[in-house]
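Colleague: Spelled out from the first residue to the last, the chains are:
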Amino acid sequence: MTTPALQVDGLSKSFPVGRGLLRGATTMVHALQPLSLEVRPGETLGIVGESGCGKTTLARMLVGLSQPSTGTILIDGKPLDTSDRRVSSQQIQYVFQDPISSLNPRKTIRQTMETPLRILFGMDAAARTARIHEVFEAVNLRPEFLDRYPHEFSGGQAQRIGIARALLARPKIIVLDEPVSALDVSVQAQVLNLLADLKTQYGLTYLFISHDLAVIEAVSDRIAVLYFGTLVEIGAADRIFARPSHPYTRLLARSAPVVGRPLAPQDTAGAELPDPLNPPPGCAFAQRCPKVSQLCRTKVPQLQETGETQRAACHHPDQT
Amino acid sequence: MRLFLTLLFRNRLAALGAVLLLALVLLCLVVPLLPLADPNVTDTPNKFLRPFSEGHLLGTDHLGRDLLSRLLWGTRLSLAVGVAAAAAAAFFGTLIGICAGYFGGWIDNGLMRLIDMIMAFPYILLALAIVAALGPGMLNALIAVAAVNVPFFARNIRGISVGLTAREFIDAARLSGQGHARIIVTELLPNVLPVIIVAISTTIGWMVLETAGLSFLGLGSQPPQADLGSMLGEARAALIAAPHTLIVPGAMIFVIVMSINLLGDGLRDALDPRLRSGALARPSPVTRIARPAPPPAETPARGVLDLDGLTTRFEVGAQVYKAVSDVSLTLGKGECLGLIGESGSGKSVTALSVTGLVASPPGVIAGGAARLDGVDLLSLPYRDLRGLRGRRIAYIFQDPLSTLHPLYRIGDQMVEAIRVHRKMPLAEARARCLDLLRTVQIPNAESRLSAYPHELSGGMRQRVGIAMALVNDPEVIIADEPTTALDVTVQAQVLALLDRLRRERGLSILFITHDFGVVGQLCDRVAVMYAGQIVEEGPTASILAAPAHPYTRRLIACVPELGGGRRQLAAIPGLPPAVNRLPAGCAFAPRCDRARPDCQRDPIALRVSGPRAARCLYPEEALS
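Line by line, the protein sequences are chains A and Y.
When the letters of the first sequence are read in order and numbered with my numbering, they come out as residues 668 to 987.
When the letters of the second sequence are read in order and numbered with my numbering, they come out as residues -10 to 613.
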């Protein structure tokens, strides 16, 4: 078996809240419960979940923008060390959700693109220009864009620039945090296709985060479903929504608007997430779940095999 | 830069201030070259000479020194100290503010408490204390004035820095390996700079005044050195006998401070992006209507709401943005009509034009009519139109957090929405609101009435938005992307709710969206907009199954659909055209794979065929 491109073990994040003037933090909010997963080289792992499920927290820890509370991140079998960006930037890169906001409004694109090359790799001017032109060609942008400012670009163009910036360091893994959700559908398709081309061209591994089930399904090999900071189900992209094991995955799949399917009857329990300051003792989905039992309200379910490729954290999973 | 200067000098007072200040600064610079009397040479026999005396244009002071010379040298000193103090205060204030905002946490806390302590003293007392500790003198006065003004800069800059630090480009800079110092200098500072400039320009005036105040008290410049404050102080004793010794420096202080403040206000207005985009221009309550003549109404009316050739433009300077061009739609009773398009296609402007809600300026309704039961809304006087808004036509917007008032309880806002339109006892109105909250399936409706908008989740807020749209039993609801900001499971619930309400109450819904999946589930008919025009219209099922316009076909094709598996998507190359530079013929022709030369020649008419219509010369399937 090959070494996974990315291996995450028991990764979790909690934030202190209710900090008093003199006392330390009184309560911890668990944004992400301990989570373990593996991404094979060349794979696209989709991560899907609704707002507040912890997907952006996970992404920010993977690229070192925030420190994990517990757990380890291994890239190609080696621990991720974000204190030395020269190494870590060649291991993993990040593409932001809001393409315009991720570019400094007062810098030209050339200035923005040159910074990492200069700081991380100490390239001279000629080498920088050559590398930037190479990357710009890869994302189908014209070199004259380099001397413009971010506000002169449409969302789609700005996101190409964001992708180009991530490619500069020749990373092996790219974390894409909702890369197309700010874009119009026609532009969204352009960017998704570009990402697919780049992946084959450079042999990249993607972690693709989105709230859009159809987009995730169209780009991923495997999909992980998060709910309230917990990994509730993970499995092959072509099966997980067609034959979900976890009731939450089923609810998600049924809720996605699909042409020709009648509007689903409402789940009257409401769609409120549990209070993060006062999480339920058992399964976080219990209060919305149609299959809830006494066990669910008291014991947190662990991930277990529910099919050949699927695992779900549920006491009463559907076998696929 | 040119835009900035144009903006600045469009403000006449700012221009006046700039000219005055420039003249003063030039004058101060050339003072040593002017043939002036020595400002410090005393000539007691000639004391208190009146202005326009021989050899002394402005007269002399109590020691017979030439006032003109002392005034110019004094102005030079006062301005220099004011500018230096402002620069020093800006430098240290910015340093503190940017560090506090960028690092946050205990650094922020520590620095800001320090600033709070400085601010807790009355500033003149603090300045006096500093000068008392350091000893009198112009340099110490400068230090004191700078020190008491540091908090103003620090607090301003901190606020801006906190907001900027949360932006993604700072994260991106971290990922590109930049250290803290470099991020602060190369990423944060350029974005903070306009704020610093504005703050400096508005504070130099105070600084000049404060320095003058200290000198007036004898703590600033020491005799015989002249500055404006000390001249005032020395003249105080002769206030009645020789008022000109007081008026001359006083008038100069007035001119300096006024010119600086006028220029500062102008700079602020020109640099503030919100003010630049016309936030100061108060929009009128109804969109400006400049129609040649409303088109004749058809009788009987075709639907509940008829849009007939509606045309809305934005006129910004010499540019005309044709946001909505000749849009005709019919919304039948109890019908749900989907209006679908990408951002900038004009779907929201269409919806807002119906009741004249497009901000004006710059919006202008340049043609067409919007008829409710055959009555043209755009011809109605404002009173009548206002009576219709929210009563017969109600809106649901994308983000209820920004449309609900954050400071009022939900119940109060709903009650107000009722009582604006008709007299109803408070208790009855509240009962009605409660009833509606239950109708939209809000759990614990009773307690939610007294909740504030921020206490509810996004889905609950949108239910409140829907309930609020229903309070006056409207005939038509215009829903502008009501589920776009919601999670999928919540979206499914809200859509099901809207569908149920429509069937139970016979509501007509104009549903604006960019999502074909939503249209397919909810709408009876759909109209597709592109570059401000309806390009295709017809029954939803038939359009989704066999789109006639190439744009519709390709838009449907590039939306991934759940259950389709992993695949390459059929993207549409290029971008929609800018609506201020629309091509002559079909707006989609440059991106269209079926376009022929004649597509780009003349405007294309909407061709109607049975229930369907398409604006295309070579449609995908012959409409039969």
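In case anyone wonders, no lab produced these hints; they're calculated from the structure.
From the three backbone atoms N, C-alpha and C, an ideal C-beta is built for every residue, glycine too.
The reader is advised that the hints may include incorrect statements.
As the list claims (entries may be wrong) - No farther apart than 25 Å at their CA atoms in a straight line, the calculated lysine to aspartate or glutamate pairs in the DMTMM-like style are these:
hint : chain 1 : residue 1 : chain 2 : residue 2
1    : A       : 774       : Y       : 258
2    : A       : 745       : A       : 676
3    : A       : 839       : A       : 743
4    : A       : 958       : A       : 975
5    : Y       : 322       : Y       : 470
6    : A       : 866       : A       : 905
7    : Y       : 322       : Y       : 493
8    : Y       : 311       : Y       : 587
9    : A       : 745       : A       : 710
10   : A       : 839       : Y       : 160
11   : A       : 745       : A       : 765
12   : A       : 839       : Y       : 157
13   : A       : 745       : A       : 801
14   : A       : 774       : Y       : 157
15   : A       : 866       : A       : 942
16   : A       : 774       : Y       : 160
17   : A       : 839       : A       : 801
18   : A       : 839       : A       : 819
19   : Y       : 322       : Y       : 462
20   : A       : 966       : A       : 985
21   : A       : 866       : Y       : 160
22   : Y       : 311       : A       : 801
23   : A       : 745       : Y       : 493
24   : Y       : 322       : Y       : 469
Unchecked claim - Calculated from the model, a selection of chain A residues having no Cβ within reach of chain Y, i.e. all distances over 12 Å:
hint : residue
25   : 679
26   : 700
27   : 703
28   : 751
29   : 771
30   : 794
31   : 801
32   : 805
33   : 833
34   : 864
Colleague: Determine for every hint whether it applies to the structure shown.
Modeller: Taking the hints in turn, this is what the structure says about them:
no.: 1; hint: 774/A <-> 258/Y; verdict: 23 Å, holds
no.: 2; hint: 745/A <-> 676/A; verdict: 13 Å, holds
no.: 3; hint: 839/A <-> 743/A; verdict: 9 Å, holds
no.: 4; hint: 958/A <-> 975/A; verdict: 23 Å, holds
no.: 5; hint: 322/Y <-> 470/Y; verdict: 21 Å, holds
no.: 6; hint: 866/A <-> 905/A; verdict: 19 Å, holds
no.: 7; hint: 322/Y <-> 493/Y; verdict: 13 Å, holds
no.: 8; hint: 311/Y <-> 587/Y; verdict: 22 Å, holds
no.: 9; hint: 745/A <-> 710/A; verdict: 18 Å, holds
no.: 10; hint: 839/A <-> 160/Y; verdict: 20 Å, holds
no.: 11; hint: 745/A <-> 765/A; verdict: 31 Å, violated
no.: 12; hint: 839/A <-> 157/Y; verdict: 22 Å, holds
no.: 13; hint: 745/A <-> 801/A; verdict: 29 Å, violated
no.: 14; hint: 774/A <-> 157/Y; verdict: 14 Å, holds
no.: 15; hint: 866/A <-> 942/A; verdict: 39 Å, violated
no.: 16; hint: 774/A <-> 160/Y; verdict: 15 Å, holds
no.: 17; hint: 839/A <-> 801/A; verdict: 17 Å, holds
no.: 18; hint: 839/A <-> 819/A; verdict: 30 Å, violated
no.: 19; hint: 322/Y <-> 462/Y; verdict: 14 Å, holds
no.: 20; hint: 966/A <-> 985/A; verdict: 18 Å, holds
no.: 21; hint: 866/A <-> 160/Y; verdict: 24 Å, holds
no.: 22; hint: 311/Y <-> 801/A; verdict: 39 Å, violated
no.: 23; hint: 745/A <-> 493/Y; verdict: 62 Å, violated
no.: 24; hint: 322/Y <-> 469/Y; verdict: 19 Å, holds
no.: 25; hint: 679; verdict: 21 Å, holds
no.: 26; hint: 700; verdict: 19 Å, holds
no.: 27; hint: 703; verdict: 25 Å, holds
no.: 28; hint: 751; verdict: 9 Å, violated
no.: 29; hint: 771; verdict: 5 Å, violated
no.: 30; hint: 794; verdict: 16 Å, holds
no.: 31; hint: 801; verdict: 18 Å, holds
no.: 32; hint: 805; verdict: 17 Å, holds
no.: 33; hint: 833; verdict: 9 Å, violated
no.: 34; hint: 864; verdict: 9 Å, violated
Hints 11, 13, 15, 18, 22, 23, 28, 29, 33, 34 from the list above are not met by this structure, while the remaining hints are.
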